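Number of protein chains: 6
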Amino acid sequence: MNNAVEKANVLIEALPYIRKFYGKTVVIKYGGHAMINDELKQAVIKDVILMKLIGINPVIVHGGGPKITDMLKRLNIPSQFVGGCRVTDPATMEIVEMVLVGKINKEIVALINRHGGKAVGLSGKDANLIQAVRKMGKSIDNEGKELLQDIGFVGDVEKINPEIIQTVINEGYIPVVAPVGVGAEGESYNINADYVAGEIAIALKADKLILLTDVEGIFEDYNNKDTLISELKLNQVNEKITSGVISGGMIPKVECCVRAVEGGVTTTHILDGRIPHSILLEIFTDRGIGTMVVR
Amino acid sequence: MNNAVEKANVLIEALPYIRKFYGKTVVIKYGGHAMINDELKQAVIKDVILMKLIGINPVIVHGGGPKITDMLKRLNIPSQFVGGCRVTDPATMEIVEMVLVGKINKEIVALINRHGGKAVGLSGKDANLIQAVRKMGKSIDNEGKELLQDIGFVGDVEKINPEIIQTVINEGYIPVVAPVGVGAEGESYNINADYVAGEIAIALKADKLILLTDVEGIFEDYNNKDTLISELKLNQVNEKITSGVISGGMIPKVECCVRAVEGGVTTTHILDGRIPHSILLEIFTDRGIGTMVVR
Amino acid sequence: MNNAVEKANVLIEALPYIRKFYGKTVVIKYGGHAMINDELKQAVIKDVILMKLIGINPVIVHGGGPKITDMLKRLNIPSQFVGGCRVTDPATMEIVEMVLVGKINKEIVALINRHGGKAVGLSGKDANLIQAVRKMGKSIDNEGKELLQDIGFVGDVEKINPEIIQTVINEGYIPVVAPVGVGAEGESYNINADYVAGEIAIALKADKLILLTDVEGIFEDYNNKDTLISELKLNQVNEKITSGVISGGMIPKVECCVRAVEGGVTTTHILDGRIPHSILLEIFTDRGIGTMVVR
Amino acid sequence: MNNAVEKANVLIEALPYIRKFYGKTVVIKYGGHAMINDELKQAVIKDVILMKLIGINPVIVHGGGPKITDMLKRLNIPSQFVGGCRVTDPATMEIVEMVLVGKINKEIVALINRHGGKAVGLSGKDANLIQAVRKMGKSIDNEGKELLQDIGFVGDVEKINPEIIQTVINEGYIPVVAPVGVGAEGESYNINADYVAGEIAIALKADKLILLTDVEGIFEDYNNKDTLISELKLNQVNEKITSGVISGGMIPKVECCVRAVEGGVTTTHILDGRIPHSILLEIFTDRGIGTMVVR
Amino acid sequence: MNNAVEKANVLIEALPYIRKFYGKTVVIKYGGHAMINDELKQAVIKDVILMKLIGINPVIVHGGGPKITDMLKRLNIPSQFVGGCRVTDPATMEIVEMVLVGKINKEIVALINRHGGKAVGLSGKDANLIQAVRKMGKSIDNEGKELLQDIGFVGDVEKINPEIIQTVINEGYIPVVAPVGVGAEGESYNINADYVAGEIAIALKADKLILLTDVEGIFEDYNNKDTLISELKLNQVNEKITSGVISGGMIPKVECCVRAVEGGVTTTHILDGRIPHSILLEIFTDRGIGTMVVR
Amino acid sequence: MNNAVEKANVLIEALPYIRKFYGKTVVIKYGGHAMINDELKQAVIKDVILMKLIGINPVIVHGGGPKITDMLKRLNIPSQFVGGCRVTDPATMEIVEMVLVGKINKEIVALINRHGGKAVGLSGKDANLIQAVRKMGKSIDNEGKELLQDIGFVGDVEKINPEIIQTVINEGYIPVVAPVGVGAEGESYNINADYVAGEIAIALKADKLILLTDVEGIFEDYNNKDTLISELKLNQVNEKITSGVISGGMIPKVECCVRAVEGGVTTTHILDGRIPHSILLEIFTDRGIGTMVVR
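Protein chains in written order, with the working numbering: chain A, 1 to 295; chain B, 1001 to 1295; chain C, 2001 to 2295; chain D, 3001 to 3295; chain E, 4001 to 4295; chain F, 5001 to 5295.
Same shape as in the complex, but just chain A (with noise of 0.2 Å):
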């Protein structure tokens, strides 16, 4: 019976967070070992429903992460990357496609049905979700001169249409997006997820933007765990990066969030996806985790 007392403990003390974010709008960017790991995903699906239920709503973008690579291997496809970027030649493009849409789209679906909740899969091609338009990757030369390059079929967001998103939340369903974007001539474009859930979290204009990612969050001294920067304002970005605290792969997560900042997104948070029910424990904690950024 104590531990029953203290269960509802529990769900009282939630009770303001659920005041708090009914009927808002929670963009999460799903990728790395949460998608991976059977038991973080299982954690992430139950996060996700149990958001809805109590009347919020979420709304997946997800990442591709190896299986795409695994396919492009089993293929004889070589990879390349230029500035982080993987240059997207039309076989690429094909299976990336294929891959994100076919297989991870559907079983991010799939698993949210299977554990009660209600999905619907959705690629930047339909309803024309993502516009987008080639962009250039950037590399540097041996003179330290940044070069652009053409690197194929990699997307630029250029509007997004976010009417198919709002009438699938409206019949409560949970919409999972995939990050194709379509071109002008209806041409697939490869774009980044961290990306696409921030300008769908504008065109949104969600309450919160969250990244699952595979680090803790951002440290003043990254050797040093107890100094975890819990909250970023935009002002304090540019000093954090020229002082090399925010570097190298974390640059364009905090970009995305600055820019999802500056378009109306109230919070943006860059969270460790290797806890299990990391979303869950920032909704419905004081403190949060991870770091967040906001104006």
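For the record, the hints were derived by calculation from the structure and aren't laboratory data. Since this is a predicted model, take the numbers as computed values, not measurements. Don't be surprised by glycine CBs; every beta carbon is placed ideally from N, CA and C. Mixed in with the good hints, there may be bad ones.
Computed Cβ-Cβ distance ranges for the label pairs, DEER-style [to be verified]:
1) Glu-2231(C) <-> Ser-4079(E): 54 to 60 Å
2) Ser-1139(B) <-> Gly-2083(C): 35 to 41 Å
3) Leu-148(A) <-> Thr-4227(E): 22 to 28 Å
4) Gly-1263(B) <-> Asn-3235(D): 39 to 45 Å
5) Leu-148(A) <-> Glu-4220(E): 52 to 58 Å
6) Asn-2003(C) <-> Gly-4264(E): 55 to 61 Å
7) Lys-4225(E) <-> Arg-5295(F): 55 to 61 Å
8) Ile-5036(F) <-> Gly-116(A): 37 to 43 Å
9) Val-3294(D) <-> Asn-2003(C): 22 to 28 Å
10) Gly-23(A) <-> Glu-5163(F): 20 to 26 Å
Anything over 12 Å on all C-beta distances counts as not near chain E; from chain D, calculated [said to hold, decoys possible]:
11) Gly-3172
12) Tyr-3173
13) Ser-3188
Looking from chain B toward chain A, a few residues come up when the C-beta cut is under 7 Å (computed) [as the list claims (entries may be wrong)]:
14) Lys-1007
15) Leu-1053
16) Ile-1054
Once you've looked at the hints, dock chains B, C, D, E and F against the given chain A.
Below, chains B, C, D, E and F without anything else, positioned relative to chain A:
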């Protein structure tokens, strides 16, 4: 962090119950210690607000308790009881109504509102919610014969007009009902709150009726706490009354449940209101607590 | 038959007024003799029901009258007044609320329902209808200086949340409001009913505010009944107060009207509630009755 | 003032009738003197506007009267009658339709609008409101045998499509219908207005059908005005026809009522349109006037 | 089969035009030969029904044509014209209204309904659709001075109340409007149909105004059919009138278009109604036909 | 101009068909040559967009075609067939789903969107659209006996949940469905597209089911093109199969039609997808094309 993860797990465990009761109506008879003790009071109010937030529609019917007796004493109006019912002459009825509608009801409403819920109080006169007729008192004379006796403005429910409750629910409010009925001439009637809760549950086609009491439930052997009857089927009730397992003040409560089940309410519960969050425990645990009366 | 034709003519004459007020909201402060005398009471109730039936939305705000004083006397709670306001200690407030909400409000509701209307009673606590703050009493000391003085739970309106009134109107009910406000801690406040009626009229963007009083209106010369001031413009009010034409208890009533007009209410009326059907007479005749305060 | 109070009383007396007919549909056949005399005309128009304003849905079906005959005369088109029906050759039908739809209908519409109502005129061609088939004339030959005879474009109602009337009512307008039917080839038919009113009342599931006539009602003894038959039950009709109490032009009117009652109209009335406000008198007095035919 | 494939191609070619005009309102002044010749009549009616079916909202305003003159002649009512307007004394107006509203309007309505459309006829009196004021006639005296002259019930549009048209459109009907206006006293006015069509187009915020005429359009050189002016901009109109390119009866038609464009109608067209399906040709071909007046 | 008039005539001829199918649902199985040849592809897409624009609700269910086999070959996954069904081990199913959902479905969606339609792609996993169970393969052994055999993830439709299709239609989109089913454990099933189209037609209460094939229809004598069977009634089907008129791959297609008709679909069609615009020809011509199976 461990603690946070545990909390997340509790929320996740609540998932199937949240789903199960989503959009369902639960009528709660609120009375006894849970209406006197401050800590219990707050626990009940928070339980009710949580239910509303996660999509359940709670309806509160409250009793009167010691405040009526106090006020009658202060005014030197003598109280007399026949068969468990207070003999209610016009002077008594005036006080009963003022205390129920003008004091207790408003205290509950204000408490819910102060904790972030949105409550609206209703008397049985509002929108003719509870149409009542005079009820005769029953006493046993010296020879053991049942006597019918005029006990004044004590009422039986003639008809529930639940539209105003539905309106209030639909607009997002928690209805709080005082068990005062109205007769054909506009006169007031004092009605047993358990009974009113049951009738309202039937009229609303509620999923659940919960009677908060000051006992732990029904026991095969009242002296042995291991003999709690968790579930009582309709066809077992008569035998349990005959054998004395159900006796005294528990009989009308069980009859109330029986009538509600026969009227279409799925499950009815006699809960120990002295346990904090007993309502949540009933809803969010598999075994539930107290005694459940079902078809 | 002649009589019948005359009746038909009266109905036909009402045509332009019915058209004029169709769909408009009229807030009526109900108090004084019209709440005591049985015949007047019935006339008011019938007027209100007729208004509702022909498409006007009446809202009743009632006062307390002698019943509060009676009950305080029965309980030996002494009454003290400062500047026309009852000093309201907790014991007094408890009784004031019980009588207003639990007795007077419910009698009006039952009376309307019994005559075929559909009324719902509301206290300022329901849905936080009347948010209040403590108001200081003003008295004049021997030297004619104004003194501020704590007079207990006497309130000023901080904010009206009119949604619940609108809900109740939209569902076809007549709202009946008791002038009890609720403070930040859930505590009750006794507020002047004229004042509450005015604030509610503003919040509802009402077309008309009617204050039922026990005087015939405002007269240039109080001793000469031919000098009734039918219409008083905002810019005339100060001069009339200075000159003593408006004096005593009439001053706060006129100030109430002034505030309502400044808040957007089209016309405000100080009517003699001792004339049967004075509300209908105001609405359905060209000249109206009593004194009207307009922009 | 006394006069004003009396007026208020008349309005209050109307209360139960307003409540009784709220939201009900009343189909009125408008014809005879009430369509010729200016004062009567205005009285009918005002009655209809009042009904609309207080929540009743009046539908007017008008006849043709002397204007058709006048126009035919001016054009030297001879008129011939068979069994009370005008023989309607194409040249006649053209004029009948022009006068009914282009003159009388529009005069009624303009009169209602000018008095503050909102009317929309409809012919049976609009939205195929009145689908008609050719009707044969009946005459009696010298030997008393009934002869069927082609009388041209005189129609029977085949089907009423009441959607356009309902649309017009729902938008707040008073529909005014000219009794011109339309055949399968788009040809026009002249149809008896009483009969059209009855069919429309059935199709609209109206509560009341009122036929304005130029007689006082049906009398047991036509010479004794004290023998008015206020109420005629369906099962009494045949006997009254056989005995000659109902005779001549009254027979088709009564048959119209009988058919409407059998088709679901609650009450049907044959009123004297020569009494000003006879419609209001019927609706707002207990005894009503004229003869009522009911189940 | 080849033929069938060609037909399919025609339908496919219509695709962009269907998309372009979907949900748009098109007001058509219907008159001239297209209202007399049976084949042209059917073509117009079918064009209008097709428009409605594929999602365009056509509104027809019809003229009077020779039928008015015929009827006036049959009744020996002499016709006199001042500055192109028929002098309209009361006797004339009565006939004009009867023919327009009771004959021509109903023929169009019946024709549409018979071909499977759903039409509702409206006069300017219905729901006060066309509020009118008296217009003075203009004539030129011997010395070339303009004279103003009373020409009776000839009207100018004072105000269009388009709600009834919108209602009728929303319910799926095609509105057919007779150009009869109503004055403040309910009197009827004869108004030029081109002019009414333009005013209704403005009031409905129509996308297109089409005037069906009996000329091929406006030509730079009337004798050279190769000089058709396909598009006329507002700022070219004055010069074309001064130079005589636009002259005679074409001037008021062009002024009608100018006024409509200035009032917000996107495009206005003067079409040759003698070409079958000229309306469809305008809408479903790139070049359109006739002369278009635009901003 | 003549040409233009002819075009107008074609549009007008389409009128009755537009009216007939307005608001109706048409399910189209899209496959075969029509999905390979570029010109045919565009014709189908334009037909579908036209249908949507003129008020028909098309639903596309597509097959897989050679792209699946191509991809399996590229990955060296051997293909084996039993009774016309591809034996679908997990490795095969993974590729089948990726190609159907991630490639073909998205190509169709992008093509529709690029031509101005609004399409949304759906897999049977989205919103649990196609619930499936494992289906056994049937083969014939040497002795001519039917053998049941496990053929892996080949599915039968257990239940269609059409809500998501209805949502998508109501919001103005064209749903494009990939025939992948989902099992109780979230596993994927390969299902015959004709069969899925039929089941969806039944679940949507569609008016028409169209199977696009690579044959001209069913012939009494396959060598005589004059013997096309335009209409096949349910009760003729068995005889035609027995007699060999319907044979081979045509049998399951006809059975699909039979089942759809029995399930409430009004008409079903086996069309030659190699004729451009065969869908439009079927809908917009009297005789239709191909073979129709009806009750």
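Structure-based check of each hint:
| no. | hint | in the structure |
| --- | --- | --- |
| 1 | Glu-2231(C) <-> Ser-4079(E): 54 to 60 Å | holds (56 Å) |
| 2 | Ser-1139(B) <-> Gly-2083(C): 35 to 41 Å | violated (55 Å) |
| 3 | Leu-148(A) <-> Thr-4227(E): 22 to 28 Å | violated (55 Å) |
| 4 | Gly-1263(B) <-> Asn-3235(D): 39 to 45 Å | holds (43 Å) |
| 5 | Leu-148(A) <-> Glu-4220(E): 52 to 58 Å | holds (55 Å) |
| 6 | Asn-2003(C) <-> Gly-4264(E): 55 to 61 Å | holds (57 Å) |
| 7 | Lys-4225(E) <-> Arg-5295(F): 55 to 61 Å | holds (57 Å) |
| 8 | Ile-5036(F) <-> Gly-116(A): 37 to 43 Å | holds (41 Å) |
| 9 | Val-3294(D) <-> Asn-2003(C): 22 to 28 Å | holds (26 Å) |
| 10 | Gly-23(A) <-> Glu-5163(F): 20 to 26 Å | holds (22 Å) |
| 11 | Gly-3172 | violated (9 Å) |
| 12 | Tyr-3173 | violated (6 Å) |
| 13 | Ser-3188 | violated (7 Å) |
| 14 | Lys-1007 | holds (5 Å) |
| 15 | Leu-1053 | holds (5 Å) |
| 16 | Ile-1054 | holds (5 Å) |
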